[in-house]
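Q: Put chains B and C on the given structure of chain A with help from the hints.
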Amino acid sequence: MPQIEISGLYKTFKVARRSAGLKQAAKSLFCRKYDKVEALKDVSFTVDTGEIVGYIGPNGAGKSTTIKTMSGILVPDRGQCVIMGRIPWKERIDHVRSIGVVFGQRTQLWWDVPVIDSYELLRDIYRIPNRDYSNNLDLLISTLELQNIINTPVRQLSLGQRMRCELAASLLHNPKILFLDEPTIGLDAESKIAIRQFIKTINREKNVTVILTTHDMSDIEALANRILLIGRGRILYDGNLDDLRSRFSNQKTININFRGNGFPIDNTIVGIPGVNIVSCSQEKLILRVDGNGSALADVISRLSNIVDIVDVSIESQPIDELILKLYREYAV
Amino acid sequence: MKLYFKYMSILLKAQMQYRFSFWLLSFGQLFLPLSVFAGVYFLFERFGNIKGWNFFEVALCFGVINMAFSITECFVRGFDLFSNLVVSGDFDRILLRPRSTFIQVLGSQFEFTRVGRLLQSIMVLVWAATNLSIKWTLFKVITLILMVISGIFIFTGIFILAATLCFWTIQGLEVANIFTYGGKEMAQYPLSIYKKWIARFFTFIIPFGCVNYLPLMYILDKAHQNEYLYMLTPLMGIVFIVPCLVIWEIGVKRYRSTGS
Amino acid sequence: MKAYLSVFRLRFINGLQYRAAAFAGIATQFFWGIMHIMIYEAFYENATGTLPISLKQVIAYIWLQQAFLVFIALWIRDNEIINLITSGNIAYEFCRPCSIYGFWFAKLTAQRLSGAMLRCFPILVVAFLFPEPYKMTLPDSATAFLLFIVSLFLGLMVLVSISMLVYISMFITMLPTGSMVIATTIGDFFSGMIIPIPFMPQWLQKIAYFLPFRLAADMPFRVYTGHIPPNQALEGIFTQLIWLGVLVLSGRIAMKKVQKRVVVQGG
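Chains as they are written, first to last, in my numbering: chain A, 42 to 373; chain B, 132 to 391; chain C, 287 to 553.
It is worth saying that the hints were derived from the structure and are not from the lab. These numbers were taken from a predicted model, which means no experiment stands behind them. Please note: incorrect hints may appear among the correct ones.
Mimicking SDA-like on lysine to any residue, the simulated pairs with C-alpha atoms at most 25 angstroms apart in a straight line are [to be verified]:
#	chain 1	residue 1	chain 2	residue 2
1	B	K133	A	P155
2	B	K137	B	F153
3	A	K241	A	P359
4	B	K326	B	N308
5	C	K546	C	V452
6	B	K326	C	F416
7	B	K182	B	F168
8	B	K326	C	S340
9	B	K137	A	I157
10	A	K247	A	F86
11	B	K182	C	P417
12	C	K342	C	E327
13	A	K247	A	R172
14	B	K144	A	Q202
15	B	K326	C	W318
16	B	K326	C	F414
17	B	K327	B	V370
18	C	K542	C	I376
19	B	K182	C	W318
20	C	K421	B	L174
21	A	K241	A	M258
22	C	K393	C	Y290
23	B	K144	A	I157
24	A	K217	A	N248
25	A	K82	B	R385
26	B	K144	A	R203
27	B	K384	A	E79
28	B	K326	B	L174
Which bits of chain C does chain B cover? Going by a derived footprint, with three or more residues having C-beta under 8 angstroms, they are [to be verified]:
#	segment
29	328-338
30	482-492
Every residue, glycine too, gets a C-beta built ideally from N, C-alpha and C.
Just chain A, same shape as in the assembly (with noise of 0.2 angstroms):
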């Protein structure tokens, strides 16, 4: 049986219509319009134990909503969601004992006093057994490099360090699945490659299941073997990466250095169907390459016949534009 299953979730809001100028702000003074917004339409997926989930969308998708629902903080319209046997906003307190959950720009420590101090009161709240308690925190400290910074007050660490805190706050408790909301979001490359490991390391260890929300692509390259796409309040794909590549396009970028010979080089010389030049000076030719290898092949057979080749180099697209490219396809 899957730990999360949820199945037809609906959920609708109503914001207030804002207008600019004197003009209408003295006329919502009086009557005031209202828009629907449907964040969730018939939303369903399951969940693995151990799993690591990257759920994307773009902002206003309905991201934060899923997460919300399933954090047991907001009840949806209709629909079912049933997370380790239990339904989030019907047993608050017991469900949310047994998750961990990160918001990338929020803090969950207290500002103004040491990181440990935070942890103390945490492990008040959440009653945990003094053993397993510094057992964890043990673990914590070492595995996330900690020692140091532990005595500090929050608003003395930097991002890095209080992302790698905040993370720390949210596993004391021994949750099952940890929902993280744009954890890496503003830190520098070598704290996210830090935070990356970690992620790693808890998801293998403890077979804790992970949520990743994130608007940082490469996140998902090097966590999540499956990946939800969200759009308008709909689930729009649900896959492995690999999948989700060959889909929706295998298109490589090919750059290749030459010594050339003055001959030149257009498509007609290369004139292989699927292969487009994006550019070409004296020594540098950049190709983009739909279908498989057998063009790939060819197009370097021949070049090889007019030229010296001296380098090549084969990139796949990158994964931004491949999101991007989705989110044109479902109008998103």
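A: This is chains B and C only, laid out in the frame that chain A set:
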């Protein structure tokens, strides 16, 4: 309860990080009720009495209400500033924790600088109590303490109601000031000086009359029969908190279905 | 000048957006008005001897105070400015190609004006319809009304220039809340917000008359009720102009000094 003290100690620690600012604000807090009290004093200097109540009788009332109010502001500040929690989205964080929302909101803020006000109201209370021409008995002292406690419960209840309002409107919140600050301002005088309808509202709907007017009659020897009934009226104020908590739960339920 | 007008316009429109806040504010102020009138009514009931101001005048005073609360209350503060000062982001403000004093002055005036506009008309209209004795009375005379309007707006500017000084002083103390609470409490007391100045004992009245605070509230209100006759009102308006000049000038000088310091320290 243990959790509540834990919250308190962590916030005290946080506020003490800015020690000078803390003491300055505490000192500043002394002034506000002091200026209001000075206003009352000057009015009595002109008029002598208000519907038969003399200055020290009103001052006793003033002291009790301000003491209850400043203690409430100190410990129930989380509900007073609840709109911030909703606006910033931090209330979601509270819903993510396996504890009641009530204790967590209560523990989210403490305003220790209110000691300034507390100190001022204690001074007024002692000054009034020693200058009144009545004989203090044990029962009267107990009644006085009961009045303060009951006042704390009533103000807490009102703060909870005001916080619940945040689930419906953030902007319209100022209306709650009628009952928090307005209630305090009004209860500084014995309710009998107001028109009947207002005195009734603040006795039977929001039981301020049970902490200032009715028990005051007993303490000042103005009640001539059923003395013990007067003495026990403050207990009604304590009961007031029950419906407030029920309404709070309704508000939380609404928040979770609208997510606004 | 155009920049100041546009910030003024923006803030004004922004202030009008808060409809629910305005309605809530109106309700609150009715309550305060009625409560205070009841207290004074009770005081006047058993009053003996001569009193410095009549109950009718006090009632008009209270309603004006409620209607124009946003105009005259020093304790209303602008958190945006406070945040700028304490966070050190003020350095960006100094980069703007116009005087920061004028900029803030326009902003603060617009906020108070829009806040009061929404509230004063409904409060006054309904207060006129109230039954006796809570009824608001008409101004003493047409002249009194005219002088009231003039002194009210001059009073608003005096008040904004005082609050500018409070904000500037925050640069030096860097302790917004503490010093703010002390300054505004004293200011509001001497502006007649807690009790009208005629109720104060002689020695305190002398202090109040010496300070500028009463020019924002006590003075215009008593001009309206006729408690201050027109010739004295003219004198008052003259005093307002002098104070306004002094306060704005000292504010500008102080702002320059502060600006130098901030630039030197690099924010």
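Q: Next, verify each hint and record whether it holds.
A: How the hints compare with the structure:
no. : hint            : result
1   : B:K133 x A:P155 : 20 angstroms, holds
2   : B:K137 x B:F153 : 20 angstroms, holds
3   : A:K241 x A:P359 : 22 angstroms, holds
4   : B:K326 x B:N308 : 20 angstroms, holds
5   : C:K546 x C:V452 : 18 angstroms, holds
6   : B:K326 x C:F416 : 15 angstroms, holds
7   : B:K182 x B:F168 : 18 angstroms, holds
8   : B:K326 x C:S340 : 20 angstroms, holds
9   : B:K137 x A:I157 : 13 angstroms, holds
10  : A:K247 x A:F86  : 23 angstroms, holds
11  : B:K182 x C:P417 : 22 angstroms, holds
12  : C:K342 x C:E327 : 10 angstroms, holds
13  : A:K247 x A:R172 : 18 angstroms, holds
14  : B:K144 x A:Q202 : 22 angstroms, holds
15  : B:K326 x C:W318 : 14 angstroms, holds
16  : B:K326 x C:F414 : 20 angstroms, holds
17  : B:K327 x B:V370 : 23 angstroms, holds
18  : C:K542 x C:I376 : 13 angstroms, holds
19  : B:K182 x C:W318 : 20 angstroms, holds
20  : C:K421 x B:L174 : 22 angstroms, holds
21  : A:K241 x A:M258 : 16 angstroms, holds
22  : C:K393 x C:Y290 : 8 angstroms, holds
23  : B:K144 x A:I157 : 13 angstroms, holds
24  : A:K217 x A:N248 : 8 angstroms, holds
25  : A:K82 x B:R385  : 21 angstroms, holds
26  : B:K144 x A:R203 : 20 angstroms, holds
27  : B:K384 x A:E79  : 20 angstroms, holds
28  : B:K326 x B:L174 : 20 angstroms, holds
29  : 328-338         : holds (count 9)
30  : 482-492         : holds (count 4)
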